Amino acid sequence: NAGVTQTPKFQVLKTGQSMTLQCAQDMNHNSMYWYRQDPGMGLRLIYYSASEGTTDKGEVPNGYNVSRLNKREFSLRLESAAPSQTSVYFCASKPRSSTTNEKLFFGSGTQLSVL
Amino acid sequence: RKEVEQDPGPFNVPEGATVAFNCTYSNSASQSFFWYRQDCRKEPKLLMSVYSSGNEDGRFTAQLNRASQYISLLIRDSKLSDSATYLCVVNMGRPPISTSGTYKYIFGTGTRLKVLA
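For the protein sequence lines, the chains are A and B, in the order given. The opening position of the first sequence corresponds to residue 1 in the working numbering, with each subsequent residue numbered one higher. The opening position of the second sequence corresponds to residue 116 in the working numbering, with each subsequent residue numbered one higher.
Be a bit skeptical, because a hint or two may be false.
[Said to hold, decoys possible] Derived DSSO-like pairs (lysine-lysine); straight-line CA-CA distance at most 30 Å: (1) B:K194 / A:K14; (2) B:K117 / B:K160; (3) B:K194 / A:K71; (4) A:K57 / B:K194; (5) B:K157 / B:K219; (6) B:K229 / B:K160; (7) A:K103 / A:K57; (8) B:K117 / B:K157; (9) B:K194 / B:K229; (10) B:K160 / A:K9; (11) A:K9 / B:K219; (12) B:K229 / A:K71; (13) A:K103 / A:K9; (14) B:K157 / B:K194; (15) B:K117 / B:K229; (16) A:K103 / B:K117; (17) B:K160 / A:K103; (18) A:K14 / A:K57; (19) B:K157 / A:K57; (20) A:K9 / B:K157; (21) B:K117 / A:K57; (22) B:K194 / A:K103; (23) B:K160 / B:K194; (24) B:K157 / A:K14; (25) A:K57 / B:K229; (26) A:K9 / B:K229; (27) A:K9 / A:K57; (28) A:K71 / A:K9.
[What the hints assert, rightly or not] Cβ-Cβ distance ranges computed for the label pairs, FRET-style: (29) A:M41 / B:Q184: 17 to 23 Å; (30) A:K57 / B:A182: 27 to 33 Å; (31) A:E73 / B:A135: 38 to 44 Å; (32) B:A182 / A:Q111: 26 to 32 Å; (33) B:A135 / A:S18: 43 to 49 Å; (34) A:S113 / B:A182: 42 to 48 Å; (35) A:S18 / B:P129: 31 to 37 Å; (36) B:Q184 / A:G53: 33 to 39 Å; (37) A:T20 / B:D192: 33 to 39 Å; (38) A:P39 / B:D192: 28 to 34 Å; (39) B:G124 / A:Q111: 21 to 27 Å; (40) A:S51 / B:D122: 32 to 38 Å.
Simulated from the structure, these hints should not be mistaken for laboratory data. Computed from a prediction, not measured in an experiment: that's the story for all the values here. We treat Cβ as the ideally placed atom computed from N, Cα and C, and that holds for glycine.
Isolated chain B (complex conformation) (with noise of 0.2 Å):
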């Protein structure tokens, strides 16, 4: 089982359009939890962190639910400016005292989202 997991779409909406992804995460030690967004194959871009009370950037916002080890992002009112790839990210806690003392940062697979005019 991959340590996060994502549906990879593609999710096809219209503009104006809400619409939702959910990502999953395995390992409960996980401390740190972000969305990127990558437009064709450039690299990542920071869209959000995600806080364990939620939080709102415009028309995007994140929430954490640790019980279910899983986070989601919700897109308000879909602009076609808005397709590209949304790719969660976790933090995977604190690694074995052998390692060098840094954290992996472990990216899901991408979900495609296609906003239609």
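The following block holds chain A by itself, in its conformation from the complex (with noise of 0.2 Å):
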């Protein structure tokens, strides 16, 4: 099993220019996370999916759109990218959406510079 798979490991966008980054697990899991982490600080959470096609605001969602379409993906977008969105990005998942007392399996990050 792969895991939780996040595309591009690397990016570097221009201020204004749109992406998404992208998020897939293989463990059939129902609740999704994305969270960003800046240098000294912990991660913060930026939106979160109990199953297919529901979203929840975290912590730091403006500026960001989340889209979960199927129980596999959770894609992240920058409409228009801002240098203060230069970050590295974490995806997690975890088993069940109803309990509390499951660890979160995390993809590897990807490190986005925004110029």
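Hints in hand, dock the two standalone chains.
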């Protein structure tokens, strides 16, 4: 099993460009999450999803949109990238939506730089 | 005020030392608590869950104090390989009815530990 796969691993954008970060998991998990991590800071929750077609805002949703079109995939879109969105982005998943004590399974991250 | 707070450190300790980290959380409805370890901006990995009665895994001991809303991690006999950032994670409890029905996992800012030879 590949687990949680994020693409691309690295990306450089110019201010104003758009792009979509892809995340896919092959573990049949229900819940999926997008986080960003800036230097000296922990992970901050951008959006999360309990199941296909449902999403919720996290701590820092402004400037992002997400899409959960199926159970496997949860994409994060930057419509008009800004330098403040330079960060490492992590996608995570967990098996069930309704439980609280499960660990998160993480992808290896996407390093995004916006110039 | 952040929902989950940690002292960022760094904590520089000699090999063999005992070191403890605390983490406070603001939401009294929080249900589950975890410590994750992160190396050099790689993906975080679960170190241990934190149970109400406290729990131990080898050299690592985790405690939960619901009354004061904090969790702690104690590392005994520190090894060079323990050098990392330790992230406190809190599951923020039942969401409002209008949301999709799963739970937010909120991370603290992390505490950096350096174990020195």
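Here is how each hint holds up against the structure:
1. Proximity of B:K194 to A:K14 is assessed by CA-CA distance (about 43 Å); at most 30 Å being required, the pair is judged violated.
2. With a C-alpha separation of about 22 Å, the suggested pair B:K117 and B:K160 falls inside the 30 Å cut-off, and the hint holds.
3. Distance hint between B:K194 and A:K71 is unfulfilled; the C-alpha atoms sit about 41 Å from each other, more than 30 Å.
4. The hinted pair formed by A:K57 and B:K194 fails the criterion: a straight-line CA distance of about 39 Å is larger than 30 Å.
5. Proximity of B:K157 to B:K219 is assessed by CA-CA distance (about 21 Å); at most 30 Å being required, the pair is judged to hold.
6. This hinted pair checks out: B:K229 and B:K160 have alpha carbons roughly 18 Å apart, not beyond 30 Å.
7. Between A:K103 and A:K57, the direct Cα distance comes to roughly 20 Å. Compliance with the 30 Å bound is thereby established for this hinted pair.
8. Only pairs whose Cα atoms come within 30 Å are accepted, and B:K117 paired with B:K157 is accepted, the gap being roughly 23 Å.
9. Distance restraint check for B:K194 and B:K229: the Cα-Cα separation of roughly 10 Å lies within the 30 Å cut-off, and the hinted pair is therefore satisfied.
10. Distance hint between B:K160 and A:K9 is fulfilled; the C-alpha atoms sit about 18 Å from each other, no more than 30 Å.
11. As the CA atoms of A:K9 and B:K219 are separated by approximately 25 Å, the hinted pair is consistent with the 30 Å bound.
12. Annotation: proposed proximity of B:K229 to A:K71 is violated, straight-line Cα distance about 40 Å (limit 30 Å).
13. As the CA atoms of A:K103 and A:K9 are separated by approximately 23 Å, the hinted pair is consistent with the 30 Å bound.
14. With a CA separation close to 20 Å, the supplied pair B:K157 and B:K194 stays within the 30 Å bound.
15. A hinted pair counts as satisfied when its Cα atoms are at most 30 Å apart, and B:K117 with B:K229 qualifies at roughly 25 Å.
16. Between the alpha carbons of A:K103 and B:K117 the distance comes to roughly 22 Å, so the proposed pair stays at or under 30 Å and holds.
17. Restraint check for B:K160 and A:K103: the C-alpha separation of about 9 Å stays at or below 30 Å, so the hint holds.
18. As the CA atoms of A:K14 and A:K57 are separated by approximately 26 Å, the hinted pair is consistent with the 30 Å bound.
19. Taken as a hint, the B:K157 and A:K57 pair is honoured in the structure, with Cα atoms around 24 Å apart against an allowance of 30 Å.
20. Taken as a hint, the A:K9 and B:K157 pair is honoured in the structure, with Cα atoms around 12 Å apart against an allowance of 30 Å.
21. For the suggested pair B:K117 and A:K57, the alpha carbons sit about 16 Å apart, so the restraint of at most 30 Å is met.
22. Straight-line distance between C-alpha atoms of B:K194 and A:K103 comes to about 25 Å, which keeps the hinted pair within the 30 Å bound.
23. Restraint check for B:K160 and B:K194: satisfied, since their Cα atoms lie roughly 18 Å apart, inside the 30 Å limit.
24. Distance restraint check for B:K157 and A:K14: the Cα-Cα separation of roughly 25 Å lies within the 30 Å cut-off, and the hinted pair is therefore satisfied.
25. Only pairs whose Cα atoms come within 30 Å are accepted, and A:K57 paired with B:K229 is rejected, the gap being roughly 35 Å.
26. Straight-line distance between C-alpha atoms of A:K9 and B:K229 comes to about 28 Å, which keeps the hinted pair within the 30 Å bound.
27. Between the alpha carbons of A:K9 and A:K57 the distance comes to roughly 24 Å, so the proposed pair stays at or under 30 Å and holds.
28. Under the criterion of a C-alpha separation no larger than 30 Å, the hint pairing A:K71 with A:K9 is consistent with the structure, at around 22 Å.
29. Roughly 21 Å separates the CB atoms of A:M41 and B:Q184, a value that falls within the hinted 17 to 23 Å.
30. For the pair A:K57 and B:A182, the supplied restraint of 27 to 33 Å holds, since their beta-carbon distance comes to about 31 Å.
31. Here the CB-CB span from A:E73 to B:A135 is close to 41 Å, well matched to the stated 38 to 44 Å.
32. In this structure, B:A182 and A:Q111 break the distance hint of 26 to 32 Å, their C-beta atoms being roughly 41 Å apart.
33. Distance hint check: the CB atoms of B:A135 and A:S18 are about 46 Å apart, consistent with the given range 43 to 49 Å.
34. One distance hint, 42 to 48 Å for the beta-carbon pair A:S113 and B:A182, holds here, with the actual separation near 45 Å.
35. Restraint check, A:S18 to B:P129: a C-beta distance of roughly 50 Å breaks the suggested window 31 to 37 Å.
36. In this structure the supplied range 33 to 39 Å holds for B:Q184 paired with A:G53, their Cβ-Cβ distance being about 35 Å.
37. The hinted range of 33 to 39 Å is not satisfied by A:T20 and B:D192, whose Cβ atoms lie roughly 46 Å apart.
38. Under the hint 28 to 34 Å, the C-beta atoms of A:P39 and B:D192, about 31 Å apart, fit the expected range.
39. For B:G124 and A:Q111, the hinted distance range of 21 to 27 Å is satisfied, since their beta carbons lie about 24 Å from each other.
40. Under the hint 32 to 38 Å, the C-beta atoms of A:S51 and B:D122, about 37 Å apart, fit the expected range.
Hint compliance for this structure: hints 1, 3, 4, 12, 25, 32, 35 and 37 are not met, and every other hint is.
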